[in-house]
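S.K.: Listed below are the residues making up each chain.
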Amino acid sequence: MNLPVLKGAAYALFHSPDILFIGGSTQRVERLKNPEGEYLRQLPSHLRSYEEVVQYPPNQVFIGNLLPEELEGIPRPWYSNLITGASDRGRFGDIVSEDLLYGLLKLADSFDLVYLEKDFQARIKEKLLQTGLFGDEDFAKWKEGSGREEIEKYIREAAAEELLLDGQVVGCVRRAHDVDENLQAHVMLENLVAKATSIWAVRRLLKLLGSTGEEVEYIIETSEEACGDMNQRGGGNFAKAIGEMCGLRNAAGADMRSFCAGPAHGLVTAAALVQAGIYRNVLVVGGGAVAKLGMNGRDHVKKGMPMLEDVLGAFAVLVGENDGANPVIRTDIIGRHKIGSGATPQAVMEALVTEPLARGNLRIGDIDKYAPEMQNPEITEPAGAGNVPKANYKMIGALAVMKGEIQRGELEDFIKRHGMPGYAPTQGHIPSGVPFLAFAREGILNGRYNRVMIIGKGSLFLGRLTGLFDGVSFILERNQGVAPGRAEQLDMDEVRRLVAEAMRRVAREIGGNVHAAERHQ
Amino acid sequence: MDLENQARVKELAEKYNPADLIVVLGGAEAEASGLTAETVTNGDPAFAGPLTGVQLGLRVYHILEPEVKEAVDPEVYEKQVGMMEMVLDVEAITNEVRTIREQYSKY
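Protein chains in written order, with the numbering used here: chain C, -7 to 513; chain X, -13 to 93.
Treat the hints as calculated values from the structure; they're not laboratory data. Careful: at least some of the hints might be erroneous.
To give a feel for the contact side, a few chain C residues facing chain X, derived at Cβ under 10 Å [to be verified]:
1) A151
2) E342
3) E373
4) K386
From the three backbone atoms N, C-alpha and C, an ideal C-beta is built for every residue, glycine too.
Bound conformation, chain X alone (with noise of 0.2 Å):
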């Protein structure tokens, strides 16, 4: 996660109640989105960051994973998402962002 994106969203969680923050992911690889999942939840992996070391704990999610699925219009989702559903590795994606959230969300 770059640096100047990790500087957001830990003014944003600063500025608002970290409970009521969700970070929605459109990574397009399993790797990367959990490495950007453990950024926002335990603090930048890479130790290069403002969120080294910050463990922000937030609720995180892709937006590939079927609580955000089901949370938007069917019809919004299959028009942005539909293409990309079919082309991504949905399963790889949604157990290693799934088990960052299991493993650090505070929320």
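With the rest of the complex left out, here is chain C (with noise of 0.2 Å):
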């Protein structure tokens, strides 16, 4: 079978301080119903600085600076042990300052809806093209800067959205419409920080790929933002959106949802396409989610904590024909939540983790990683929700004490294992299985691992049509070496060829028995 491969895999987290303020979902109802409230009191000295966001050990390890298993050594709260002197950049990404994704969004920006000040327009400009992730032909479009008073009219008097920074108004983002929902200010900076964020993560995929982007075909978008007017809320299309900027000529694209499990299902449908040939590189992209900022902060407020919700979240993958090389992605044996499945735990889990496994004639054991639903329980702890992965750990373990590979008592053990720490920001489908695809590919690659199960579930419950659960979750496996589909197709060229070369030869002595029986006649 011709497997597809993970050719790489990119992320950036954005540093959004002043965003979750004015667009996170919990401060956006409590501005509505208490504005004059404690929370919203205490908020501001609760934010974090760029350094502690650089400096935090999670975010380090989710821009491939620290292994996952590293955290572990790393005494919590992890907010106060901070690594001094860590970098912005790592292996697999980037995290990015507040002032830069301004830049970004005004980048993406394609109906003038994002107005900066002129002097940091002018500034945030030269910082953008030091980053080498873009050139110069990216800002021919970019006319001066808005002089304030200007940017203060549209918050004013049209209902703009105010871009801050560390409180003061250095820009805006007006609707696009004035009475269409869809299209007000606060959608449209959803949606434009879903675009730029992308744009980010899929611009240093193709820089660590060394690519121009010319090889994609073809763009999967895996956000939970809806881009859309009234009459199509929804309709899309993020992901050309996004190619769009990102160079990628050869590409089409197309959105893909199912909340959290989006990144994966969008994973599971690359592979085959790549897999049946119509597309030879399929890219999966997923950007921020501005609504889930400071989305547990009366809770990390309460208990004394920073806003540890204060950045959103990107990634890019890139899936291709077999090369041999990178890891292979088992399309034979995916996992799926079926609509008769059943939405316990139990029910759920079996779905995705054992039964694929029993397909594939694998034990629970035979994985080497699980990476299943990667939240940082340092954020979800004191927000009563637990720690998820662990939770996760501690279902896969339980499956396997029920299928008898493991003793009751071997359950911590499995854990440790098979299992690693949260460190993916809390932004719905950032943290679901994706965060560990480049310490997979990288794990593989170097001998570390042989399989790893990247795991996405979704809530579906959350959009009211239906109570069902969703979920799906797929194997990296070391490749063989060889590209067994290619090498197939060579025998099935070979094969070919030789028809071919006898059938042609069948021809000709036909051909010529006619000739010399018409000669005869």
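Assemble the dimeric complex from its two separately framed chains, guided by the hints.
M.R.: Shown next as structure tokens:
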């Protein structure tokens, strides 16, 4: 079977303390219901500086400067044990400051909705150029920035969303329609952020791969935002909007949604498209979720903690044809939560873990690392949501006990060997398995792992259309050193050539005989 | 407990005899389960939802408590809850919910 491979993955985190204040759903609701309340008053003193965000150990893991397992050696709370001298550039990506994000928003703006203050815009353009991810051609359409008065007028009179830096207005995002709810300024901010953060991740990925992106034939965008107007809320298409800004001239694309499971669905689909030969290289991408900034902020403030949900996440992954080296995606044993699977945690985990493993004659212990929902427990525990990855590992371990693979007393050891601490921000689709792809690829390439399972799960009930749960899983496995599909292809070509030659010979002989017969008549 | 669910519990307690109702929780963690139990007995401790200041005093149990386990077909319980029973801190959850129940349940 010609299995597709994981060619690379890149990540980015965007420090967004001011967007958190303006656009996070928790803060937005609080402003509506309790504008003079204690939470909004106390919040600013709980915001972290960019340096603190860079030095925060889980963030260093997210961009590849630390292994997930290395977090176990750092005492908690991690926000009190920062890594002095940590870099905002990692092997797999970057941590980006909020001023650069605003510049990126301007870059992502195709409809003249983002206004930046004149001096700020000039400064940020230079800073974006210095990152090496953008060139002069990217700024060809930039006109001079706006005056402060003009920006303040849009905010005051036309319901524009403020872009603040350290509490000062440096720009705004205007609404794209006066009455259409789907094109109001806060929605445009959310959608432009999802687009802009994705652009960064894709450009970083191309840089890491040393590629211009010419080879990308399809893009699947898997965030949780909806782009469209009142006649087609969620019509799309983030994928092409992102590709357009990354020079992916040969790519088509579309968006795929399934709450937090979106990226895993996207990757399975990408693998299928490549394996079927429809597209040779498929990019899967997801950008940041503004609404989730500070989602559990009330609990963090109440417990005297920093606002840890102050970063947006983004990722970009390339799936391509078997190159004989990169880890293969085992498309023959995809796990899926079926409509008839049932919604109990047990039913879900059996559908995603034990069922596909059994189909591949594999045991639970044959997977070296599981990457389920990788939320940072330091964010979720104070909010009463527990340690999400650990709960997942316990469930997988409990299944191993029920299957008789391990004893109950070995559960903790199983979790240690096959799991890892969570390190991803609570950005919905961002933590769901995908943060580990780059580590999985690297670990499989250097012999650390043989197999890794990526598990995406989604809470569909949030949309109030169904009470069903969702999930999909797939296994990355070491490539056997040859591209079996390609070898088969070569054999088939050879067979075709021999058959064609034989046919030609037969045709010649028949033709010759016919001519000879004709001559004898 | 989210506001929508608080509204539903309140409606049900008004529609039916509250003495006939039992709330069964499925929370994964002791503190959160305790807060939910408190909401349906003594009122919303966050002072945010429709149950703020409303003392329904309903009987409330967690699915992992022995009283519930004994009431369920063992085969069904094993299939539906067996794995989570192994995973969650049954003792902490049971203690938390029982304490709230004994303190605030009227029935």
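S.K.: Taking the closest Cβ pair, is E342 (chain C) under 10 Å from chain X?
M.R.: holds (8 Å)
S.K.: Let me know if the C-beta of A151 (chain C) comes in closer than 10 Å to any C-beta of chain X, holds or violated.
M.R.: With Cβ-Cβ at 27 Å, over 10 Å, it is violated.
S.K.: Hold the hint about E373 (chain C) up to the distance rule: shortest CB distance to chain X must be less than 10 Å.
M.R.: holds (9 Å)
S.K.: Close enough to count: is the Cβ of K386 (chain C) nearer than 10 Å to one in chain X?
M.R.: holds (4 Å)
Hint compliance for this structure: hint 1 is the single one not met.
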